[in-house]
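Enquirer: Now for the letters of each chain:
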Amino acid sequence: MLATGCSAGSGSAASGDEDITLTITTFGTFGYDDLYKEYEELHPNVTIKPTNIDTGGNARTDAFTKLAAGSGLSDIVAIEEGWLGAIMEVSDRFVDLNDFGAQDIKDRWLDWKFEQGTDADGRVIGYGTDIGPTGLCYNGKLFEEAGLPSDRAEVAELFGGADASWDTYFELGAEYTEKTGKAWYDHSGFVWNSMVNQMDEGYYTSDGELNIEGNSEMRDRFDQLAEATLNGQSAAQTAWDWGGGKAFVDGSFATFVCPGWMLGTIKGQLEAGGGDASTGWDFADVFPGGPVNWGGAFLSIPTTSKHQEAAAELTAWLTAPEQQVKQSKAAGNFPSTIEAAETIAEESAPNELFNDAPTGAILAERAKGVKAQFKGPDDSVIQENVFGPALNLLDQQEATADEAWQQAMDLLQDLVIDN
Amino acid sequence: MTATLTPGTTTPPRPSQPRTADRAERRRHWLSRLDVKASPYAYVAPFFILFGLVGLFPLIYTFVVSLYDWDLLKGQGDFVGIANFMSVLQDEYFWNSLFNTLSIFILSSIPQLIAATFIAAILDQNIRAKTFWRMSVLLPYVVTPAAVALIFSNMFSEDYGLINNMLQNFGLDAIGWKTDTFASHIAIATMVNWRWTGYNALILLAAMQSVPRDVHESAALDGAGALRRFFSITLPSIRPTMVFVIITATIGGLQIFVEPRMFDASTAGGAQRQFQTTVLYLWEMAFFRQNFGEASAIAWLLFLIIICFGLINFMLSRTIATAETKVTSTRRQKRLARLRSARSTPATTRSTEDAQ
Numbered sequence: 001m002l003a004t005g006c007s008a009g010s011g012s013a014a015s016g017d018e019d020i021t022l023t024i025t026t027f028g029t030f031g032y033d034d035l036y037k038e039y040e041e042l043h044p045n046v047t048i049k050p051t052n053i054d055t056g057g058n059a060r061t062d063a064f065t066k067l068a069a070g071s072g073l074s075d076i077v078a079i080e081e082g083w084l085g086a087i088m089e090v091s092d093r094f095v096d097l098n099d100f101g102a103q104d105i106k107d108r109w110l111d112w113k114f115e116q117g118t119d120a121d122g123r124v125i126g127y128g129t130d131i132g133p134t135g136l137c138y139n140g141k142l143f144e145e146a147g148l149p150s151d152r153a154e155v156a157e158l159f160g161g162a163d164a165s166w167d168t169y170f171e172l173g174a175e176y177t178e179k180t181g182k183a184w185y186d187h188s189g190f191v192w193n194s195m196v197n198q199m200d201e202g203y204y205t206s207d208g209e210l211n212i213e214g215n216s217e218m219r220d221r222f223d224q225l226a227e228a229t230l231n232g233q234s235a236a237q238t239a240w241d242w243g244g245g246k247a248f249v250d251g252s253f254a255t256f257v258c259p260g261w262m263l264g265t266i267k268g269q270l271e272a273g274g275g276d277a278s279t280g281w282d283f284a285d286v287f288p289g290g291p292v293n294w295g296g297a298f299l300s301i302p303t304t305s306k307h308q309e310a311a312a313e314l315t316a317w318l319t320a321p322e323q324q325v326k327q328s329k330a331a332g333n334f335p336s337t338i339e340a341a342e343t344i345a346e347e348s349a350p351n352e353l354f355n356d357a358p359t360g361a362i363l364a365e366r367a368k369g370v371k372a373q374f375k376g377p378d379d380s381v382i383q384e385n386v387f388g389p390a391l392n393l394l395d396q397q398e399a400t401a402d403e404a405w406q407q408a409m410d411l412l413q414d415l416v417i418d419n
Numbered sequence: 001m002t003a004t005l006t007p008g009t010t011t012p013p014r015p016s017q018p019r020t021a022d023r024a025e026r027r028r029h030w031l032s033r034l035d036v037k038a039s040p041y042a043y044v045a046p047f048f049i050l051f052g053l054v055g056l057f058p059l060i061y062t063f064v065v066s067l068y069d070w071d072l073l074k075g076q077g078d079f080v081g082i083a084n085f086m087s088v089l090q091d092e093y094f095w096n097s098l099f100n101t102l103s104i105f106i107l108s109s110i111p112q113l114i115a116a117t118f119i120a121a122i123l124d125q126n127i128r129a130k131t132f133w134r135m136s137v138l139l140p141y142v143v144t145p146a147a148v149a150l151i152f153s154n155m156f157s158e159d160y161g162l163i164n165n166m167l168q169n170f171g172l173d174a175i176g177w178k179t180d181t182f183a184s185h186i187a188i189a190t191m192v193n194w195r196w197t198g199y200n201a202l203i204l205l206a207a208m209q210s211v212p213r214d215v216h217e218s219a220a221l222d223g224a225g226a227l228r229r230f231f232s233i234t235l236p237s238i239r240p241t242m243v244f245v246i247i248t249a250t251i252g253g254l255q256i257f258v259e260p261r262m263f264d265a266s267t268a269g270g271a272q273r274q275f276q277t278t279v280l281y282l283w284e285m286a287f288f289r290q291n292f293g294e295a296s297a298i299a300w301l302l303f304l305i306i307i308c309f310g311l312i313n314f315m316l317s318r319t320i321a322t323a324e325t326k327v328t329s330t331r332r333q334k335r336l337a338r339l340r341s342a343r344s345t346p347a348t349t350r351s352t353e354d355a356q
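The listed protein sequences derive, respectively, from chains W and U. Numbering follows the working numbering, in which position 17 of the first sequence is assigned residue number 17; successive positions increment by one, without gaps. Numbering follows the working numbering, in which position 324 of the second sequence is assigned residue number 324; successive positions increment by one, without gaps.
Keep in mind that the hints were calculated from the coordinates and are not lab data. For every residue, glycine included, the Cβ atom is placed at its ideal position computed from N, Cα and C. Possibly wrong hints are sitting among the right ones.
[Claimed, not checked] Computed Cβ-Cβ distance ranges for the label pairs, DEER-style:
id, chain 1, residue 1, chain 2, residue 2, range
1, U, Ile49, W, Thr61, 20 to 26 Å
2, W, Ala69, U, Met166, 43 to 49 Å
3, U, Tyr61, W, Glu352, 51 to 57 Å
4, W, Thr55, U, Gly310, 33 to 39 Å
Starting from the given sequences, assemble the full structure and let the hints guide the process.
Expert: Written out as structure tokens, the structure reads:
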């Protein structure tokens, strides 16, 4: 472990013996607390001052404000894939990790993950922490009550295994809703997110052009989701809140789209809502429409950092395979380095909260064939402020599919095109 | 101050005196004049220096930003003049936010000020454990707005909230606290009222305490009831404080941000902008759409609107005050005129007045 840490430096004895304090800002469930302590023991002259912001959205506001002000950023800042596109527009405000040996450790990561953190000029501005391969969370108890199989393998088969499609998913949803009178998924926003992330090109083409109006594939998927939602398959929950986690406990919905990092979120929600392993949540090795990546983060060093070399060393250490394995166990997310992913897959440790499902091994399986989509500068605005309100209208049963799509197009015009 | 009164008489220049002493005398004179003229400015300077740094400079800088095409992250772009202001004024979301702000403002400040006045009037009475009651009304003010918003947004949650659960227990329909425009305004106004009523009550109470007791006593002796004394003595006596409270409530009400922001943390003021206030819209413009130029324009427009409201309030309160003095003075003049005319030409005027 010490060896990994040192090899990450640019060859010199990095931070030396001088006492320094490194600040780091993360968000959501990162699982770094024990790693900080470990690093401080390995480097007695380094003190780590961590800050964790509750959600990615708030972390974005925090980072953008401080970037605009030109000061106040931590030595290390976690950046989410969704707003990486906006960050890339000002990539010169971040340290080029090539100066600190990025090319030497490049092989650690999945190729596409490393490329995501590289800007157009070839500057590496972030080391990947985790990725977001997505599986299907489902509530085994609710499935049983509705007469559906509850065994993990059978559920994967039920949804179509390798050929799982959104058609099957919504058909099963219709069946479930009719039988139980309950909703199938928590709200349409997350389902939509998965559907869009799955396309070869999402809100932007790979060349960075907007790719929404006149995109018939996207429209078809929207109509499909709208129909299911209007038929009562959505529980119309408030995302990131879910009634203080109660919605995960009281059986409001039976399935949930689960990128790796979402397992940590569900854990937090179950704890807040008074649920536990007996609530019945499980994790299946299947996803409608095939492999998809949703999210994942990077650690970057702003040029304002006074300890760039020491920060680069810590960043490389935190994102090294050994540490990613530990992070994954603490936070439930899935590592972005090849070696860590293999370790997690081999260990296939049971996750007590998810009915002893080997969540790591399942995610490793789900990661096969996953490739991140190009994210443009306004990707998160389009997701949250353009499609968010339109999908909410559908959740509230207050618009037809056409009306909702039209609202999204109007918002797109106002918020993105005319902005 | 007294030093300046003497020098004129004590320093007629005497040729026999050495020049140095003369100079020292003059110098002292000059210093004391300087002291009188300049010192007060030096004493108030810290405030104005501070105001210049943290008040005036941001205000002017915001105006400069509003004249440019300015991206939050990429920084200054082309000079666009008043284009940002024009596009904000043509923006339906801006007007929507203004409507929401005014609606929440009216729903909060009016009941709040009425309640605060009555609470203050009750606390002004001779009740037991005065300090306890007075401290208690201030308690909500001590809680941070973020915590208040968290608690209330839980209470007003649509599916799991305390209030909707209670309504449903009584067989009533759940209310869309976060989806219905009017209901969401009431919910947010409730938070604002909970926090600020006690604070305003204490300020009004302080004003009421300074109303001379003997006025009340003599009115009571004349047979005025509690209600009559409240409306005829207490309220008119605390008018200046009332004006202050109304104006601060206006400024605060038009800048409301934390409550609607925390009320639904995953959106900027409701999915359909049902309760997006102007400051919240400004925030969305700056940090979501990263259009810093237009956000600055919104900030400036809001600044102008608040000044307008302040002026309207100020003029209203002035006209109320002058109307009152006018009424009393015209009454007094009439009475005086009557007296005078009665003395000079008693018979004729009396008869004509009677005839009228």
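Enquirer: Hint by hint, which ones does the structure fall short of?
Expert: 1
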